[in-house]
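**Student:** Protein sequence lines, in the order shown, are assigned to chains A, B, C, D, E and F.
Taking this note's numbering, the leading residue of the first sequence gets 51, the next gets one more, and so forth.
Taking this note's numbering, the leading residue of the second sequence gets 51, the next gets one more, and so forth.
Taking this note's numbering, the leading residue of the third sequence gets 51, the next gets one more, and so forth.
Taking this note's numbering, the leading residue of the fourth sequence gets 51, the next gets one more, and so forth.
Taking this note's numbering, the leading residue of the fifth sequence gets 51, the next gets one more, and so forth.
Taking this note's numbering, the leading residue of the sixth sequence gets 51, the next gets one more, and so forth.
None of these hints come from the bench; they were simulated from the model.
Please note: incorrect hints may appear among the correct ones.
Note that the list lumps identical chains together, so a pair holds whenever it fits in one copy or between two copies.
Below 27 Å or equal to it, Euclidean Cα-Cα: the simulated BS3-like pairs (lysine-lysine) are [to be verified]:
1. Lys69 x Lys87
2. Lys69 x Lys106
3. Lys106 x Lys62
4. Lys64 x Lys167
5. Lys167 x Lys69
6. Lys140 x Lys167
7. Lys167 x Lys87
8. Lys140 x Lys87
Protein chains: 6
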Amino acid sequence: MENERFNRGWEKLKEIDGKAGENVIESLRDIAPDFAKLLIEFPFGDIYSRSGLDLKSRELAVVAALTALGNARPQLIVHIHGALNVGCSKQEIIEVIMQMTVYAGFPAALNGIFAAKEVFGQTE
Amino acid sequence: MENERFNRGWEKLKEIDGKAGENVIESLRDIAPDFAKLLIEFPFGDIYSRSGLDLKSRELAVVAALTALGNARPQLIVHIHGALNVGCSKQEIIEVIMQMTVYAGFPAALNGIFAAKEVFGQTE
Amino acid sequence: MENERFNRGWEKLKEIDGKAGENVIESLRDIAPDFAKLLIEFPFGDIYSRSGLDLKSRELAVVAALTALGNARPQLIVHIHGALNVGCSKQEIIEVIMQMTVYAGFPAALNGIFAAKEVFGQTE
Amino acid sequence: MENERFNRGWEKLKEIDGKAGENVIESLRDIAPDFAKLLIEFPFGDIYSRSGLDLKSRELAVVAALTALGNARPQLIVHIHGALNVGCSKQEIIEVIMQMTVYAGFPAALNGIFAAKEVFGQTE
Amino acid sequence: MENERFNRGWEKLKEIDGKAGENVIESLRDIAPDFAKLLIEFPFGDIYSRSGLDLKSRELAVVAALTALGNARPQLIVHIHGALNVGCSKQEIIEVIMQMTVYAGFPAALNGIFAAKEVFGQTE
Amino acid sequence: MENERFNRGWEKLKEIDGKAGENVIESLRDIAPDFAKLLIEFPFGDIYSRSGLDLKSRELAVVAALTALGNARPQLIVHIHGALNVGCSKQEIIEVIMQMTVYAGFPAALNGIFAAKEVFGQTE
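Construct the entire structure; sequences and hints are all you get.
**Tutor:** Here's what the structure looks like:
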C-alpha cells in the first residue's frame with residue numbers, strides 16, 4: 051500500500067511540477083534519498099491527491115503562500131510553473147501575487163512578480 | 051474620484067468581511083482614522099475590486115497566506131469568515147489550510163485548523 | 051502497511067507528546083479527521099521514527115526552531131514538555147532557548163523562556 | 051569592566067523601558083538568571099548605549115521591526131512605551147507603524163496599531 | 051484627483067529611491083503595469099507623502115524592518131540608497147542595522163551590514 | 051575582563067566556524083569594526099562558551115533554526131560546516147534538516163538539504 055502512495059505521489063508530482071519536479075527528486079538521490087521518497091509520498095501522495103479542492107485553487111494558494119513567506123524563491127518558481135501546468139492563466143497568477151501586497155507587503159509581492167516574469171519569459 | 055475609490059472599497063469590505071470588517075474600521079476611528087481610510091481604499095478599493103481573479107480564489111489565497119505566515123490570527127479569523135461569505139465551502143477552507151502543512155509546517159496548519167474550528171462553531 | 055505507519059506514529063506521538071499530543075488529535079476529530087490521521091502518520095510515523103538522530107537531539111532542535119519562528123506558542127509548549135519526556139534536562143532546554151538570542155533575537159528567546167517557565171511550573 | 055557594562059545596561063534599560071523592563075528582568079530571576087544578566091549587558095549595555103544614532107530613532111526603528119515581524123507582541127508593547135519614554139510623540143509612533151503596511155502588510159500594521167491603542171490608553 | 055495622487059507618488063519615489071526606483075517601475079511595465087501604478091500610488095503617494103514623521107526616520111525604520119525580515123534583499127539595497135538620498139549618514143544606517151541584532155538576531159543583521167557594504171561601495 | 055571575553059569568543063569562533071568565521075570577521079573590519087567585536091564577544095564569548103549544553107547539540111539546534119527561518123543561507127552554510135567541525139555526522143545534519151519539514155515545511159527543509167549538499171561536496 052506504501053507503493054500505491056508513492057506511485058500516486060509520483061504521478062501527481064509529474065502532473066503539477068513536470069520536469070522541474072523530477073529534477074528536484076533527482077538532485078536529492080545522492081544526498082538524501084529518503085527525503086526524495088518522503089517528498090513524493092507526503093506532499094504529492096497524501097496532500098495534492100486529496101479531493102475537496104481543485105488543483106488550480108491549490109496551486110494559486112501555494113503561489114500566494116510562497117510569495118508571502120518570501121524565503122523560498124526556487125520553490126515559488128516551480129509552483130508558478132505548476133500553476134500554469136494545471137490550467138491557471140498568467141493573469142490569475144499575477145493577480146494572486148498582487149493580492150499579497152495587502153498581506154505581506156510590497157517587497158514580497160514585487161519579488162513574486164519578478165519570479166513570475168522569469169517563468170513567463172521561459173514559457174512564451 | 052478618491053470618493054469613488056473609498057466607496058468602492060467600503061462596499062467590497064462589507065461584502066467580504068461583513069460586520070467584522072466594519073468593527074475593525076470602527077475601532078480605528080479614534081486612534082488612527084487615516085489608517086481606517088487607507089485600509090478601505092487600498093486593500094478593498096484597489097486590490098479586491100480588481101477583475102482577473104474571482105473573489106473565492108482571492109479569499110482562499112488569503113487564508114493560505116495568513117495560515118502560512120502564522121502571525122496574524124485575528125485577520126485569519128476575519129478571512130475565514132470572509133471565505134465563507136463569498137461562497138467557499140467549509141471543506142475548501144479546511145483543504146487549503148491542510149495544504150499549508152507542506153509549505154509552512156504542521157504547527158502553522160494546526161493553528162489554522164483551530165481558527166477555522168472557532169469560526170465554524172460561530173456560524174453553525 | 052499504512053496501518054503499520056499509523057500505529058508506529060501513534061506510539062511515537064504518545065512517547066514524545068504524551069497526553070497533550072492525544073488531546074490535539076482528539077480536538078481535530080470533528081473538524082478535520084484526515085488532518086489528525088496525517089499528523090500521526092507523517093511527523094510521528096515517518097519523521098520522528100527515523101534512526102540516525104536520537105530523540106533528545108530531535109526535541110532540542112524542535113524547541114530551537116519553534117522558539118526562533120516565534121509564531122506557534124501552543125506547539126512550543128507541547129515540545130518543551132516533549133523534550134522533558136524524552137530525557138532532556140531543564141537546563142538543556144533553557145540553554146537551547148538562550149542560544150536563539152543569537153539567531154532570532156531577544157524577543158523570540160524571551161518568549162521561549164516564558165513558555166519554558168509555564169511548562170516547568172506545571173511539572174514540578 | 052563587566053560590572054561597568056552591566057551597570058550601564060541597567061541604567062539604559064530603566065531609561066528606555068522603565069518599570070516594564072524591570073519587571074521582565076524580575077520575572078527571569080528564578081528560571082534563567084543568566085538570561086536576565088545577558089539581556090541587561092548586551093542589548094542595553096552594548097547596543098542601546100552606543101552613540102551614532104539617537105535614542106528616538108532607535109526606538110522608532112525597533113517599533114517598526116517588531117511590528118513587521120509580528121510575532122512578539124509583549125515586546126512591541128514594551129517598546130511603544132519605550133518610544134514614548136525617550137520622547138517620541140504618539141503621532142510619530144502611529145506613522146512608523148502605518149509605514150509598515152508597505153513592508154509587511156496590513157495585518158502586521160493593524161496589530162501594531164492595536165498595540166499602540168492599548169499603550170496609549172494606559173498612558174493618558 | 052487620482053492623477054494628483056499618482057504624480058505626488060512619482061515625485062516622492064524619485065526623491066527617495068532615485069534611479070533605482072524608476073528602474074523597478076520600468077521593469078514592471080510589461081508584466082504587471084497595474085502593479086507599477088499601485089506601487090507609485092500607495093507606498094509613495096499615500097504613505098511616504100504623509101506628514102507627522104520626517105523622511106529620515108521613515109527610511110531608517112524601513113531599513114530596520116527589511117533587515118529584520120531578512121527576505122527582501124533587493125528592496126533593502128534600494129532603501130539603504132534611499133536612506134542616504136534623504137540625508138541619513140552611513141553611521142546612522144550601520145547603527146540601525148546593528149540594533150537589529152537584538153530584535154532579529156545576528157544573521158539578519160550581518161546580511162544587512164553586507165548589503166550596506168555593497169551600497170556604500172557604489173556610492174563612494 | 052572585556053579582553054578575556056573577547057579572547058574566549060575568538061577561540062570559540064575559530065573552534066566552531068574555523069576559517070569561514072575568521073573571513074566573516076575580516077570582511078567586517080572596514081565597514082563595521084564594532085560589529086565584528088560584538089559578534090565575537092556576544093555569540094561566541096557569552097553564549098557558545100556556556101556550559102549546560104554540549105557544542106554538538108548547540109550546532110544541531112542552530113542548523114535546525116536557520117533551516118526553519120529560511121532567510122539566512124550564508125549563515126546556514128557556515129553552521130553546517132560548524133556542525134561537522136564540532137563532531138556531528140553528516141547523517142545527523144541531514145536528519146535535523148529533514149525534521150524541519152514538520153515545523154517549517156518542505157521548501158525550507160529542501161533548501162537546507164541543498165545547503166548541506168554544497169557543504170558536503172566541499173569537504174569530501
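**Student:** To test your reading of the hints: which numbers does this structure violate?
**Tutor:** none
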